[in-house]
Amino acid sequence: MKFGYLIIVAEHDTIDYVQLAYGLALSIKNTQRPGFDQVALVIDNKQKLQNIKSDWVFDHVIEWDQETFWDGRSWMDQLSPFDNTVCLDADMLFLRDYSHWAEYFIENSELYIANKSFTYRGETVTDQYYRKAFVKNQLPNLYSFYTFFKKDSELAKEFFNLGRDIIKNPVEFANMFLSEHKPKILGTDEAFALAAKILDITDVISYDLDFPRVVHMKPMIQNWPWPADAWSDHVGFYLNNKGHLKIGNYQQQDIVHYVEKDKMNREMISILEEIAWKN
Amino acid sequence: MEKLIDFDQWYLNYKLPPVQFVAVFDPNTGLVLSVGPNHAFVNEKNKIPIDSELALSIINAEVKISNCVVDINSNTVEIAEIKSVFKIDDVLHRIISKQDSELKLHDVYLKHDSKTNCLKIELSVEYGGTKKSRAGLKKRNIVWDGDTEMLFFITDYNDPNVLLETVSVKINELLGTAKIIPNINFTKFSVYTRRIFKKYVIEYK
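So the sequences go chain by chain: A and B.
Counting in my numbering, the first sequence runs from -13 upward without gaps.
Counting in my numbering, the second sequence runs from 3 upward without gaps.
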């Protein structure tokens, strides 16, 4: 099993993460070329897949309930069934073929973590509203929503081991290394950034590249001249029956991290299903 | 001997009780007549509690009191017609198809018949229209400004950037009757509108 995408979800009181993962998996099947369209789902309870019409979009389903959702993602290296993996956040959508990005990483990297994100208008995100802990503590600007790693990499193993230690001991690590600004929650992004800084491998695992390109729809980083609680108060989300997505009047070409979980509703799923069934 | 209270001390420790706001309404029409703290309307019978945010918006004239009605079915205050819209979903609201709607009751019903190419627009009986709901809700005696215009933008499927046709209907054209729009001859389309009512739905046949 050479390459595949990994999505890790767990039960949540108000958010149906299985539906988000299903939407993402459908969009991967609809857009990626053969050999680059494998999807593995890690889930705490397989029974939750019963309501899904096309569970074949998950090539591998791994039942695992050792950690909660956020902590679980730091185990990605041990959970992936693939030799080469890109681990994604569940609330994302693929809109065109990005297989060449994966090809590059397979050829050239053992571990790579995205270090930039984009607004829905294609501008590089520079606003640090959600990243005060990164700025104040001089952490590398890593985004775990697109993390590539090789299964047999010693570098990746060392990195993920430390990432897990940080997530398991957030207070101790925050006191020691994030004293300038302690985040309310030490999430995967912070843990990965801190691990990269401690191991001094930022230049190895997150060097400058023009990809992966991920549109990050957190509302306060859209370069709007007004504060926003929810991006959908200001721009629409329009997925047509060909699977083309516009946000406002901007056609989206890159991976979209839509953040607002209600966007992956019944209608969006049926659009993506219909495209998958026709393919 | 009676002990005098130290007024300064009492004043320092005094905490205002929380204010419960109420809306006084006309029981026949549901129109909101007054809004204020509960203790100002002790003798009023037709009043319901409302949250302070909405009450203060009405008192500060951010929301027009004439646009507010009490929903007799749910006993909540609703803003019947939003003049100041801020959210994109209010300005450009996509009318969800019946099969994807999780709601059972709607205020405005649209139905497109692909055989006749007609688009039928109806208001629910509750608002004085013709579309009956199964739940048998009470009819509200609401007097509409009949000149209020409802605009329906017929667009490419889920893409309001590609406008195919615009349909304009006045509310008084829907009171007691349905409006039929002919020649809506598109295979797959969406309908967007400025949100005057709360719940819209479209059925494609």
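These aren't lab readings, by the way, just hints derived from the structure by calculation.
A few of these clues could be false.
Unchecked claim - Heads up, simulated DSS-like pairs for lysine-lysine below, C-alpha to C-alpha not over 27 Å straight-line:
#, chain 1, residue 1, chain 2, residue 2
1, B, Lys207, A, Lys39
2, B, Lys117, B, Lys89
3, A, Lys232, B, Lys190
Stated by the list, open to error - Calculated Cβ distances over 12 Å to all of chain A for the following chain B residues:
#, residue
4, Pro39
5, Arg96
6, Pro162
Because the structure is a prediction, the values reported are computed rather than measured.
Cβ coordinates follow ideal geometry from the N, Cα and C atoms, glycine included.
Evaluation of the provided hints:
no.: 1; hint: B/Lys207 / A/Lys39; in the structure: holds (24 Å)
no.: 2; hint: B/Lys117 / B/Lys89; in the structure: violated (36 Å)
no.: 3; hint: A/Lys232 / B/Lys190; in the structure: holds (17 Å)
no.: 4; hint: Pro39; in the structure: holds (29 Å)
no.: 5; hint: Arg96; in the structure: violated (7 Å)
no.: 6; hint: Pro162; in the structure: violated (7 Å)
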